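There are 2 protein chains.
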Amino acid sequence: MTEVSRKDVLEAADRIVGEVKRTPLVKARIHKQDVWLKCECLQTGGSFKLRGATNRLLQLDDEERRRGVVAFSSGNHARGVAIAAQRLGIPATIVMPSDAPGVKVAGTRAEGAQIVFYDRRTEDRAAIAAELAAATGATVVPSFDDAMIIAGQGTAGLEIFDQLAGTGAPPPSRIVVPTGGGGLASGIALACPDAAIVCVEPEGWDDMRHSLELGEIVPVANDAPPTLCDALQTLRVSPITFGILTARGVTAMAVSEQEVADAVRFAWTEHQLVVEPGGAIALAALLAGKVEFGEGTVAVLSGGNIDPALHARMVGEDQAVDAR
Amino acid sequence: MTEVSRKDVLEAADRIVGEVKRTPLVKARIHKQDVWLKCECLQTGGSFKLRGATNRLLQLDDEERRRGVVAFSSGNHARGVAIAAQRLGIPATIVMPSDAPGVKVAGTRAEGAQIVFYDRRTEDRAAIAAELAAATGATVVPSFDDAMIIAGQGTAGLEIFDQLAGTGAPPPSRIVVPTGGGGLASGIALACPDAAIVCVEPEGWDDMRHSLELGEIVPVANDAPPTLCDALQTLRVSPITFGILTARGVTAMAVSEQEVADAVRFAWTEHQLVVEPGGAIALAALLAGKVEFGEGTVAVLSGGNIDPALHARMVGEDQAVDAR
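Chains A and B, in that order, give the protein sequences. Residues 271 to 594 (our numbering) are what the first sequence spells out, left to right. Residues 271 to 594 (our numbering) are what the second sequence spells out, left to right.
Think of the hints as simulated: they come from the structure by calculation, not from any bench. Some hints here could point you the wrong way.
The list cannot tell twin chains apart, which means a pair is met if one copy fits it or any two copies do.
[Stated by the list, open to error] Straight-line C-alpha distance at most 20 Å; calculated SDA-like pairs for lysine to any residue: (1) Lys302 / Ala435; (2) Lys560 / Asp432; (3) Lys297 / Asp432; (4) Lys277 / Leu484; (5) Lys277 / Glu565; (6) Lys297 / Asp284; (7) Lys291 / Asp304; (8) Lys302 / Asp394; (9) Lys297 / Arg285; (10) Lys277 / Val287; (11) Lys291 / Thr437; (12) Lys297 / Thr516; (13) Lys560 / His480; (14) Lys302 / Gln356; (15) Lys297 / Arg357; (16) Lys297 / Arg337; (17) Lys291 / Ala435; (18) Lys291 / Arg395; (19) Lys291 / Arg357; (20) Lys277 / Asp389; (21) Lys560 / Ala531; (22) Lys297 / Arg518; (23) Lys291 / Leu358; (24) Lys302 / Gly559; (25) Lys291 / Asn492; (26) Lys302 / Arg285; (27) Lys277 / Leu328.
No experiment lies behind these values; they were computed from the predicted model shown.
Model the full structure from these sequences, guided by the hints.
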């Protein structure tokens, strides 16, 4: 197993400073309790993914940069890699599912990346990416199964710690994290060793929960239901993320599509924040009363790349939600 | 003329602390220059208006609170007053134009305020509000023609100053402000005495510009064109705001509807921020190259209350903008 530690997260922070935004930590009131929202939906590229991508790409040597990078992603990692690559002058090819949200495809293309589409149900994106890499000598940049990607994502956790200290609030006691492959949760777990970490997944896509409960990696079932959380449709977590989260005794839980939709509306009506469904799922767990929380609780809003028309439908006036 | 000074802004900040958000100051890159965006679009209620409303309502005595408040507004001030009133248990009646954006009407109603509609073209909202106030003994809360409202809005300027100091950046040299009646610009001018203040208005609604240039208050012409900037359709500035801005030698300028639309898209595609047209107009002036700017320049994003469906149309993919 690849080793990755808190030291790697601290080094990542030094490496990527100035290349990623220090995103706002906003106080919210939910069920009469103060909690904090870490707004990675306001990160450049619309999600936390720029952190890991920047950390990884900055460590390529000149020859590797010349040969380019390949990534596979439903969109947020794609856009993060595309932005980091463009800034460093590295050619990027992104393998995306043909049903990826238009806003994510457009955002990735706008950064100058070449896009190769695949069918989420019948094709293996990892194999396509590996073939492309073999043909061109490009480096594959995994979305979560990589020590330096995880270390980069963990810089969000360091910011949470610093920002809470800056307000005079107690340190984070519990951090609730949207979870697909577990890269963000693992990075934050390394960054914040004294906080309880809670992973949240869509119902039917809660393979991290099953894996943590069974003590071994279990993939998503073949008959997993459709979900609006395109960013969290990861079929199998990785030994690195599973290992980190197991070692920390992390727990995980699932929330429903309706609970996610309520959270997307809450973020908009109460905080003027556009959050994509997968990015709102930690907040959804709080609003649904599925996680214990209090003053030291932080929910990460991990992404905001939602098609504006879908967002408009989801936050329609007749569906106002008030959790207070 | 009612006196209002920097001391009033400092007192307002002490009074409203904890009741309003310290909104993020986000770094942006425009035409290869670093500038700062003050995100009042992320303020509670979706605009800076909660600042002045809270400062004003906190100074009502028990008897005044019991009799309630009346405000007239196209929406943002309405929502700000409604939120502040609900928190203090004060009955609120809001006089709104019948063509106000649905999102603003819904937001105001959701806070428990009673809404009275009027026709923007044929009825005088100030007269309606005065009648309502006379009938009930309620206090009229003006949207900008009031010393304590202006002092409250100015607290955004104090935050800009503090936040820039916190990043180690130089103090603000130029603050560009969306302008309707001039309450926000006046408050920030008082808060930041060493920064140049630039007011920005929609073309045809640039009565502050005409007034500052002529040295006397000039109302908007009867044939002013339609504008998406509903928040800035103020027919006449007030002696207080005009006086403050004249004394500071403030300049003003107008931008086009297309330039505003480009700014709404830029805020979304580059910064994941939903900004209403009127709230994006200072940013529009920068993007259009109509204001000189550099490291110490701050553009205020003053509001984000836009109907989600309109926003979706404005940021459609085929209209991507890239100012870099």
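Hints, verified against the model:
{"no.": "1", "hint": "Lys302 / Ala435", "verdict": "neither (22 Å within a copy, 33 Å between copies)"}
{"no.": "2", "hint": "Lys560 / Asp432", "verdict": "neither (27 Å within a copy, 38 Å between copies)"}
{"no.": "3", "hint": "Lys297 / Asp432", "verdict": "both (15 Å within a copy, 19 Å between copies)"}
{"no.": "4", "hint": "Lys277 / Leu484", "verdict": "neither (29 Å within a copy, 63 Å between copies)"}
{"no.": "5", "hint": "Lys277 / Glu565", "verdict": "neither (28 Å within a copy, 33 Å between copies)"}
{"no.": "6", "hint": "Lys297 / Asp284", "verdict": "between (27 Å within a copy, 19 Å between copies)"}
{"no.": "7", "hint": "Lys291 / Asp304", "verdict": "between (24 Å within a copy, 13 Å between copies)"}
{"no.": "8", "hint": "Lys302 / Asp394", "verdict": "neither (46 Å within a copy, 40 Å between copies)"}
{"no.": "9", "hint": "Lys297 / Arg285", "verdict": "between (28 Å within a copy, 19 Å between copies)"}
{"no.": "10", "hint": "Lys277 / Val287", "verdict": "within (15 Å within a copy, 37 Å between copies)"}
{"no.": "11", "hint": "Lys291 / Thr437", "verdict": "both (19 Å within a copy, 12 Å between copies)"}
{"no.": "12", "hint": "Lys297 / Thr516", "verdict": "neither (30 Å within a copy, 38 Å between copies)"}
{"no.": "13", "hint": "Lys560 / His480", "verdict": "within (17 Å within a copy, 57 Å between copies)"}
{"no.": "14", "hint": "Lys302 / Gln356", "verdict": "between (45 Å within a copy, 15 Å between copies)"}
{"no.": "15", "hint": "Lys297 / Arg357", "verdict": "between (33 Å within a copy, 17 Å between copies)"}
{"no.": "16", "hint": "Lys297 / Arg337", "verdict": "neither (44 Å within a copy, 32 Å between copies)"}
{"no.": "17", "hint": "Lys291 / Ala435", "verdict": "both (18 Å within a copy, 17 Å between copies)"}
{"no.": "18", "hint": "Lys291 / Arg395", "verdict": "neither (30 Å within a copy, 43 Å between copies)"}
{"no.": "19", "hint": "Lys291 / Arg357", "verdict": "within (15 Å within a copy, 33 Å between copies)"}
{"no.": "20", "hint": "Lys277 / Asp389", "verdict": "neither (39 Å within a copy, 63 Å between copies)"}
{"no.": "21", "hint": "Lys560 / Ala531", "verdict": "within (15 Å within a copy, 41 Å between copies)"}
{"no.": "22", "hint": "Lys297 / Arg518", "verdict": "neither (27 Å within a copy, 35 Å between copies)"}
{"no.": "23", "hint": "Lys291 / Leu358", "verdict": "within (17 Å within a copy, 36 Å between copies)"}
{"no.": "24", "hint": "Lys302 / Gly559", "verdict": "within (12 Å within a copy, 46 Å between copies)"}
{"no.": "25", "hint": "Lys291 / Asn492", "verdict": "neither (38 Å within a copy, 45 Å between copies)"}
{"no.": "26", "hint": "Lys302 / Arg285", "verdict": "neither (39 Å within a copy, 22 Å between copies)"}
{"no.": "27", "hint": "Lys277 / Leu328", "verdict": "within (17 Å within a copy, 49 Å between copies)"}
Violated hints for the displayed structure, listed by number in ascending order: 1, 2, 4, 5, 8, 12, 16, 18, 20, 22, 25 and 26.
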